[in-house]
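Sequences listed follow chains L and V, in order.
Under the working numbering, the first residue of the first sequence carries the number 9, and numbering increases by one thereafter.
Under the working numbering, the first residue of the second sequence carries the number 9, and numbering increases by one thereafter.
Hints listed in this document are in silico derivations from the structure and should not be mistaken for laboratory results.
Please read all numbers here as calculations on a predicted model, not as lab measurements.
Among the hints, erroneous ones may be present.
Any copy, or any two copies together, can satisfy a pair, since identical chains are not distinguished.
With a straight-line Cα cutoff of 25 angstroms, these simulated SDA-like cross-link-like pairs (lysine to any residue) come out [as the list claims (entries may be wrong)]:
| hint | residue 1 | residue 2 |
| --- | --- | --- |
| 1 | Lys129 | Asp68 |
| 2 | Lys150 | Leu205 |
| 3 | Lys150 | His110 |
| 4 | Lys150 | Ala201 |
| 5 | Lys150 | Ala186 |
| 6 | Lys129 | Pro53 |
| 7 | Lys150 | Met14 |
| 8 | Lys150 | Phe132 |
| 9 | Lys129 | Ser87 |
| 10 | Lys150 | Arg166 |
| 11 | Lys129 | Arg72 |
| 12 | Lys150 | Asp68 |
| 13 | Lys150 | Phe95 |
| 14 | Lys150 | Arg130 |
| 15 | Lys150 | Val50 |
| 16 | Lys129 | Asp81 |
| 17 | Lys129 | Arg69 |
| 18 | Lys150 | Leu97 |
| 19 | Lys150 | Arg188 |
| 20 | Lys150 | Arg127 |
| 21 | Lys150 | Asp120 |
| 22 | Lys129 | Ser66 |
| 23 | Lys150 | Asp82 |
| 24 | Lys150 | Thr122 |
| 25 | Lys150 | Val70 |
Number of protein chains: 2
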Amino acid sequence: MDAVVMQEVRALIFDTFGTLVDWRGSLVADLSAWGAQRGLNVDWPALADAWRAAYRPSMDRVRRGERPWTRLDDLHRASLEALAPRFGLANLEQADLDHVNHVWHRLQGWPDTTPGLYRLKRRFVIAPLSNGNVSLLVDMAKASDLPWDTVFGSDVFRHYKPDPETYLGACDLLSLPASRVLMVAAHNGDLAAARALGLRTAFIPRPQEHGPGQTTDLRAESDWDVVAGSVEELADRLGA
Amino acid sequence: MDAVVMQEVRALIFDTFGTLVDWRGSLVADLSAWGAQRGLNVDWPALADAWRAAYRPSMDRVRRGERPWTRLDDLHRASLEALAPRFGLANLEQADLDHVNHVWHRLQGWPDTTPGLYRLKRRFVIAPLSNGNVSLLVDMAKASDLPWDTVFGSDVFRHYKPDPETYLGACDLLSLPASRVLMVAAHNGDLAAARALGLRTAFIPRPQEHGPGQTTDLRAESDWDVVAGSVEELADRLGA
């Protein structure tokens, strides 16, 4: 990013799942420990992958108007209930299903996430722009020490990314033109949607997000304004 | 507040102007120093009072639908422009008017505000529920060290308090029933509106909010769930 563009940026908005938090590793670690206490024999990595595979289709049904606005917690819950029989979880009580479903509130950051965000917060307004709902993101921030200035959950806009209402809604609430807002993500598609609306873009590859066999988003697929190896490197690049 | 009710509360939402920040004292101190540098001779306390007197009527025009949704920054700006000739500010350039208008982004907290919020944040989700817009509240939080978990500005809901959409909208984004959310304010009317919708209520008197001649909200006018002398005393009362 050239210096002139960089000087204009006032706020950074972040994708969270994958970009800042290790959803797959956290989910497996959290639920393996919990399941072991209960003597459950579950293939947690396979559940993580199957649950995540249901994520985009469930949001797309909302995006296409096939179901009314539904917050991500409730989409996650419906997907979990559908998967439960296949993974030996059909007999869980409602409170246990709630606990499993809320694993998304307890995800842990990559090692560079928290130190990088603290540095960036000193110079910029920082906020998530996530498909998670506000309460999920607030709980995640407390669990993982993410020092947000404010939280843009999808339920603020009642739209899921990549709907334009999310990116532009965040800019509007920040009282900033899109050119002064930098979208940070580990997903090329998220950045392409943001760039099309005039936002600045920063790519941080997370080649382990989907585990050892990841095949997508291994590298920048366009000339994003910044490409950085970590949130701390992003802070370096932005002089924070 | 009895112990059972207290144990149910998960989130605290705060009025900001007056309750947490000393808008009148901050405005006078900030603009007096700025004006002195420029040789301006302005009765800043009188401007503060006149500006604040325009606040409720300007929001009520939006609330009654007489003008479309307008964020507080823009209501403040229109009021300031109307007052400028009377206070010797008619010749200010646009950039200077912007600086004056943004004094609301630079308000300072009462002495107990920041230490009390840090304590409460350890145990509860904490957020402002303010008629300020998100960008105003984010800037205020940075200027005054208010460690919010998230920020509920009126522009999230496109409604001003005491419209029910604000209180209920905050509960919805928190994924909590109203009975688990505690509204904290220095204004009896704000708490009455919150209570009517099922929220819990805490009153913190701020008898100097309007300066030495204040006549309103000097004391609790109902049996609010908590009455505390400061944010720190509120933290004491809630075991935080």
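Right, here's what the structure says about each hint:
no., hint, result
1, Lys129 - Asp68, "neither (32 angstroms within a copy, 35 angstroms between copies)"
2, Lys150 - Leu205, "neither (31 angstroms within a copy, 28 angstroms between copies)"
3, Lys150 - His110, "within (14 angstroms within a copy, 30 angstroms between copies)"
4, Lys150 - Ala201, "neither (29 angstroms within a copy, 30 angstroms between copies)"
5, Lys150 - Ala186, "between (28 angstroms within a copy, 22 angstroms between copies)"
6, Lys129 - Pro53, "neither (34 angstroms within a copy, 34 angstroms between copies)"
7, Lys150 - Met14, "between (30 angstroms within a copy, 21 angstroms between copies)"
8, Lys150 - Phe132, "both (20 angstroms within a copy, 10 angstroms between copies)"
9, Lys129 - Ser87, "neither (35 angstroms within a copy, 32 angstroms between copies)"
10, Lys150 - Arg166, "within (23 angstroms within a copy, 28 angstroms between copies)"
11, Lys129 - Arg72, "neither (36 angstroms within a copy, 38 angstroms between copies)"
12, Lys150 - Asp68, "neither (29 angstroms within a copy, 37 angstroms between copies)"
13, Lys150 - Phe95, "neither (30 angstroms within a copy, 46 angstroms between copies)"
14, Lys150 - Arg130, "both (19 angstroms within a copy, 9 angstroms between copies)"
15, Lys150 - Val50, "neither (28 angstroms within a copy, 45 angstroms between copies)"
16, Lys129 - Asp81, "between (28 angstroms within a copy, 23 angstroms between copies)"
17, Lys129 - Arg69, "neither (35 angstroms within a copy, 36 angstroms between copies)"
18, Lys150 - Leu97, "neither (28 angstroms within a copy, 46 angstroms between copies)"
19, Lys150 - Arg188, "between (28 angstroms within a copy, 18 angstroms between copies)"
20, Lys150 - Arg127, "both (18 angstroms within a copy, 14 angstroms between copies)"
21, Lys150 - Asp120, "both (17 angstroms within a copy, 23 angstroms between copies)"
22, Lys129 - Ser66, "neither (33 angstroms within a copy, 33 angstroms between copies)"
23, Lys150 - Asp82, "within (21 angstroms within a copy, 33 angstroms between copies)"
24, Lys150 - Thr122, "both (11 angstroms within a copy, 18 angstroms between copies)"
25, Lys150 - Val70, "neither (28 angstroms within a copy, 36 angstroms between copies)"
Going through the hint list in order, the structure does not satisfy hints 1, 2, 4, 6, 9, 11, 12, 13, 15, 17, 18, 22, 25.
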